[in-house]
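Top to bottom, those sequences are chains Y and G.
The numbering of the first sequence is the numbering used here, which starts it at 1 and goes up by one.
The numbering of the second sequence is the numbering used here, which starts it at 1 and goes up by one.
No lab work stands behind these hints: they were computed from the structure.
No incorrect hints appear here.
Just a few of them, taken from the derived set where beta-carbon distance is under 7 Å, the chain Y residues facing chain G:
{"id": "1", "residue": "Leu3"}
{"id": "2", "residue": "Lys5"}
{"id": "3", "residue": "Thr6"}
{"id": "4", "residue": "Ala9"}
{"id": "5", "residue": "Ala12"}
{"id": "6", "residue": "Gly31"}
{"id": "7", "residue": "Lys32"}
{"id": "8", "residue": "Leu34"}
{"id": "9", "residue": "Asn35"}
{"id": "10", "residue": "Pro36"}
{"id": "11", "residue": "Ala38"}
{"id": "12", "residue": "Asn43"}
{"id": "13", "residue": "Gly44"}
{"id": "14", "residue": "Val713"}
{"id": "15", "residue": "Leu716"}
Pairwise CB distance ranges (calculated):
{"id": "16", "chain 1": "Y", "residue 1": "Gln625", "chain 2": "G", "residue 2": "Gly78", "range": "32 to 40 Å"}
{"id": "17", "chain 1": "Y", "residue 1": "Phe4", "chain 2": "G", "residue 2": "Asp37", "range": "18 to 26 Å"}
{"id": "18", "chain 1": "G", "residue 1": "Gly56", "chain 2": "Y", "residue 2": "Leu8", "range": "26 to 34 Å"}
A virtual CB, placed ideally from N, CA and C, is assigned to each residue, including glycine.
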Amino acid sequence: MRLFKTILAFAALLILINLLNNSQGSIPPLGKFLNPFAGFWQNGEKLDHMDEVLDVKGLRDEVQVVWDERHVPHIFAANTYDVYFAQGFLTARHRLWQMEFQTHVAAGRVSEIIGKKALEFDRMQRRRGLLMAAETTIQRMDEDHETHLILQAYANGVNTWIETLTPATLPMEYKLLNYEPEVWSTLKTALLLKFMAWDLTGRNSEMDLSIIQATLGEDFVNKYYPEDTPRTDPVIPAAKPWRFEAMEPDSIPPAFIPQFVQNLREGEPDEDNGSNNWAVSGDKTASGYPMLANDPHLGLKLPSIWYEVQLTTPDMNVYGASMPGAPAVIIGFNNDVAWGVTNAGSDVMDWFEIEFKDNSYTDYFYMDEWVKSDLRVEEIIIRDGETVLDSFPVTRFGPLVYFGEHKLGNGHPTGLAMRWSAHNPSNEMMAVRNMNLATNMETFYSAIEAFEAPGQNFAMISREGDIAIRHNGRYPLRGLDQGKFVRAGRDTIGEWEDWIPYDQLPAISNPWSGFVSSANQNPVGKKYPYYLGWDYDDYERGSRINDRLGDLKKIKFGDMQDLHMDNFNKQAELMLPFLLKQIDEESLSGDMDIIISDLHSWNYVSDPHEKAAWVYGQWWLRLEQAIWNDELTIFGETRKIPTRSVTARLLLKKPKLTYYDDITTTEKEGRTEIINQAFKQTVLELTDEFGPYGEAWELGRARGTDVNHLLSVKGLGRTGLYTGGGRGIVNATKKDHGPSWRMLVELGELPTAKGIFPGGQSGNPGSPYYDNAVDNWVAGKYYDLHFLDSTNIDLNSKLSLTRLRNYQ
Amino acid sequence: MINILVPLVIIFILQLTFYSWWWIILVPLALGFFEKDSAFKASAGTGLGVFLLWFGMAVYQWKNGGEIIVTRIAEVMGVGSGFILALATGLVGFVVAFIAGYAGFSLRKVLIKEYQIS
Numbered sequence: 001m002r003l004f005k006t007i008l009a010f011a012a013l014l015i016l017i018n019l020l021n022n023s024q025g026s027i028p029p030l031g032k033f034l035n036p037f038a039g040f041w042q043n044g045e046k047l048d049h050m051d052e053v054l055d056v057k058g059l060r061d062e063v064q065v066v067w068d069e070r071h072v073p074h075i076f077a078a079n080t081y082d083v084y085f086a087q088g089f090l091t092a093r094h095r096l097w098q099m100e101f102q103t104h105v106a107a108g109r110v111s112e113i114i115g116k117k118a119l120e121f122d123r124m125q126r127r128r129g130l131l132m133a134a135e136t137t138i139q140r141m142d143e144d145h146e147t148h149l150i151l152q153a154y155a156n157g158v159n160t161w162i163e164t165l166t167p168a169t170l171p172m173e174y175k176l177l178n179y180e181p182e183v184w185s186t187l188k189t190a191l192l193l194k195f196m197a198w199d200l201t202g203r204n205s206e207m208d209l210s211i212i213q214a215t216l217g218e219d220f221v222n223k224y225y226p227e228d229t230p231r232t233d234p235v236i237p238a239a240k241p242w243r244f245e246a247m248e249p250d251s252i253p254p255a256f257i258p259q260f261v262q263n264l265r266e267g268e269p270d271e272d273n274g275s276n277n278w279a280v281s282g283d284k285t286a287s288g289y290p291m292l293a294n295d296p297h298l299g300l301k302l303p304s305i306w307y308e309v310q311l312t313t314p315d316m317n318v319y320g321a322s323m324p325g326a327p328a329v330i331i332g333f334n335n336d337v338a339w340g341v342t343n344a345g346s347d348v349m350d351w352f353e354i355e356f357k358d359n360s361y362t363d364y365f366y367m368d369e370w371v372k373s374d375l376r377v378e379e380i381i382i383r384d385g386e387t388v389l390d391s392f393p394v395t396r397f398g399p400l401v402y403f404g405e406h407k408l409g410n411g412h413p414t415g416l417a418m419r420w421s422a423h424n425p426s427n428e429m430m431a432v433r434n435m436n437l438a439t440n441m442e443t444f445y446s447a448i449e450a451f452e453a454p455g456q457n458f459a460m461i462s463r464e465g466d467i468a469i470r471h472n473g474r475y476p477l478r479g480l481d482q483g484k485f486v487r488a489g490r491d492t493i494g495e496w497e498d499w500i501p502y503d504q505l506p507a508i509s510n511p512w513s514g515f516v517s518s519a520n521q522n523p524v525g526k527k528y529p530y531y532l533g534w535d536y537d538d539y540e541r542g543s544r545i546n547d548r549l550g551d552l553k554k555i556k557f558g559d560m561q562d563l564h565m566d567n568f569n570k571q572a573e574l575m576l577p578f579l580l581k582q583i584d585e586e587s588l589s590g591d592m593d594i595i596i597s598d599l600h601s602w603n604y605v606s607d608p609h610e611k612a613a614w615v616y617g618q619w620w621l622r623l624e625q626a627i628w629n630d631e632l633t634i635f636g637e638t639r640k641i642p643t644r645s646v647t648a649r650l651l652l653k654k655p656k657l658t659y660y661d662d663i664t665t666t667e668k669e670g671r672t673e674i675i676n677q678a679f680k681q682t683v684l685e686l687t688d689e690f691g692p693y694g695e696a697w698e699l700g701r702a703r704g705t706d707v708n709h710l711l712s713v714k715g716l717g718r719t720g721l722y723t724g725g726g727r728g729i730v731n732a733t734k735k736d737h738g739p740s741w742r743m744l745v746e747l748g749e750l751p752t753a754k755g756i757f758p759g760g761q762s763g764n765p766g767s768p769y770y771d772n773a774v775d776n777w778v779a780g781k782y783y784d785l786h787f788l789d790s791t792n793i794d795l796n797s798k799l800s801l802t803r804l805r806n807y808q
Numbered sequence: 001m002i003n004i005l006v007p008l009v010i011i012f013i014l015q016l017t018f019y020s021w022w023w024i025i026l027v028p029l030a031l032g033f034f035e036k037d038s039a040f041k042a043s044a045g046t047g048l049g050v051f052l053l054w055f056g057m058a059v060y061q062w063k064n065g066g067e068i069i070v071t072r073i074a075e076v077m078g079v080g081s082g083f084i085l086a087l088a089t090g091l092v093g094f095v096v097a098f099i100a101g102y103a104g105f106s107l108r109k110v111l112i113k114e115y116q117i118s
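Starting from the given sequences, assemble the full structure and let the hints guide the process.
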């Protein structure tokens, strides 16, 4: 009996240990996690305080760090190595888990953390070649002595911080997911840069358009997916003459119907990834100094995507937003220049159907012969599971991302290869470093030449008074529509043969208008001799910014802030009066009368309290679906529908378009019917979801904004934020996406700047600096960005100093 | 009282130095093994000691800079407040130490009985 009790007690103990020492699904290992000596209880940070003096192994000289009231580190170092070492050290202090997790995502290593449920995600990341691209890129970066020094210094700083960690001081997410940080390497920074490139250029409509063309005809594609988005005011004014002799692509690929059908849009980055930037010359500002504004629109997460920092050495003083995991400042300013970026949107990713000899995928058909592919083998480590080896061929058209059972008519296996400019080795790190050092427009332009991927519209101002914008990046030389469809990867026709020369890229400086701007719209008018792509954002934001900048005089910070927060919905201004005219008021029921009345009186400003803004957006969405979803649901999936502006143009100009009819019903619907039906459907569905028409229908409540934790863990994010704005609006705030960093800079004798991002400096959910800026971001407020001078550190009550002493 | 204080003090020192939660298993197991008389003392004593230690330490962390993290984790874990979270922490410690203490005590009884027979 005693023995039985003993066995029972030990069995219970073992079961308990197993339960509490290991994660159970999404539940953390409670023994470790709740342990008040090392678990989450230790992650509280009342003041996020750092000692006044810290001995740091690996520094070459002493580094001074001034912490401002928002915990932005202003780093003063005696040399280049130390400044990036300190940046790595301090960024890791605040953001280590985020930095590492993001690089695991980029590298396709999430299964190592959460197990086999991430296997397919990891497999796709590997096949898309992010790790492959990072490996070749880091080789290129290491060839440049200075880039290598910067990356290694940063990595050393991160690793020195990691060495200071104890089980108690590990960031909370490691405890939640039950793993530990690994050594930081320079490859991880390259991975982060490639991930950024993927996030900004990884959208693919080629397969959809190929299928649409094959099903509905070439004419349909030409009409409804045009190169020139209606109403677009291009980034570079359309009237600008291009005084160079353009290269001609050798061949234009013929129409091709792929036999391998695959949804390429599965897992693609958010279609709303974009940004606004503009620069205004001193002629238009109250101070007489040039001003710059930027707000990159990205997925809103906690910890924030950006980390503010000032980096100072004897030859550099730069302030701005850095990416946790990469050295230097990505968007910011120094004494002489300020810059901001928007996503270029030009097409740098093409898909090719490849024919293979047999299931070994070692030989593919190219130029009438079988050519060897490189087989890449990826080892995907699975937590609590067996390691998976995944191999895929790499062709001259890029890695074969999709392949499997499908065979061509001749019995040969096939697959889809992805050619992506970011697969090419490049050195964006050097570009960023040189941007940070730039002293005028010329040195800035020279710096960004190395920023090949992702393509960005760089807007800049200089203390000398220049303003400029450049559609920067490395773009393949292509004929019209090349890259719009999947092509056959069987010969040189359609293959990328060259790049558009850098000095022939769209750019403009000091235009007569006194301003430059971009909002992800088409960068050029029809006169520009190269084909860059077609899938740009609609006209509304760019047009609104240009309208406002054209009108504004004696611009001050307040005007720039107002424009950042501008909620005017140009699309509604264009379409709502027309749509309301089509409404058959006799047929309305319930709250519909009041809603129509509110829509009539709405001033098109999508402020958070506006119910009409929410109703209009939902109505438009259902109207688009009513027009297109029937025709464009092909092979069981709804393909890419035409842009808002194309649909708007059709509604306004084509009263009898056949596509208004819902082909899935026997009735014949026309324009008026679908507009009325979409409205009624909207009201009924919103009533179901939000109850009777009232407060719950306000844009800020019905939609609002959620800034979730990267792991989407409830309780670690900020949800239900009362926000306005939306798609196609300058204030492009949406449900979980929007302005990730708002920055305004004026370059006078000394730079003056304001900025904010929806989060905080710390990545620790237990820190007061984790989400301290969120409410002010919602309110459209900004913080003064303190651009400190190394020779004049005024330690008032808002600032504190940490000395990082070199300790050998 | 001594049966509560001894595990509390020993584990406190060990956890301050070595962090691991395993001390709330090993120490009660050992103390239970050396407890000659009472299974209740071995299990409930160490259990209460660990409960007080973990609950007390959790409350200390919570009230010394841990308000934000505790509020967040309370939401993550679906419990109403930091106090309940601290109580849950103490209870986990209690259950583990209770069973470990009893297991240690039982083991001693089995081994000593077998030794006496042989």
